[in-house]
Amino acid sequence: MAIDEKQFHQELKTEMKGMQKSSDTTEIKTGEEDDTDDASPKQLIKDDESRAMVTMSRKKKRLYEAMQISKERKKANVDTLEKRKKNLKKNKETSSD
Numbered sequence: 001m002a003i004d005e006k007q008f009h010q011e012l013k014t015e016m017k018g019m020q021k022s023s024d025t026t027e028i029k030t031g032e033e034d035d036t037d038d039a040s041p042k043q044l045i046k047d048d049e050s051r052a053m054v055t056m057s058r059k060k061k062r063l064y065e066a067m068q069i070s071k072e073r074k075k076a077n078v079d080t081l082e083k084r085k086k087n088l089k090k091n092k093e094t095s096s097d
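Residue numbers are given in my numbering: position 58 of the sequence shown equals residue 58, and the series is strictly consecutive.
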């Protein structure tokens, strides 16, 4: 946390001087790796959605959540139907042999 504060103060000083932010001041070694390289695409999409929801009104948030729930239900129904179809096909093949 102290490293973040130092970096913040350095950036403020450079802004006060009117200088461009250089890569040397922004790259303070913290021992942590960059998360964007390791993050999965699904996680990045989820993060973008959560950022977008911050600016939404309550009504739009609830509507969006209802749409997501509906999508999940439909996907679950499709998955169960596909499983049933697969099982029927498997049973039909085993019974005919």
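No lab work stands behind these hints: they were computed from the structure.
These numbers were taken from a predicted model, which means no experiment stands behind them.
Think of the CB as a built atom: it goes at the ideal place given N, C-alpha and C, for glycine as much as any other residue.
Do not rely on the hints blindly, as some may be mistaken.
To be verified - Below 25 Å or equal to it, Euclidean Cα-Cα: the simulated PhoX-like pairs (lysine-lysine) are:
1. K89 <-> K46
2. K46 <-> K60
3. K75 <-> K42
4. K46 <-> K61
5. K71 <-> K85
6. K6 <-> K17
7. K89 <-> K75
8. K85 <-> K74
Claimed, not checked - Computed spacing ranges between beta-carbons, pair by pair:
9. V78 <-> K6: 25 to 35 Å
10. D79 <-> L12: 48 to 58 Å
11. D79 <-> K6: 15 to 25 Å
12. E11 <-> R62: 29 to 39 Å
(request) Mind listing which of the numbered hints don't hold for this structure, in increasing order? (result) Violated hints (numbers, rising): 1, 9, 11; every other hint is consistent with the structure.
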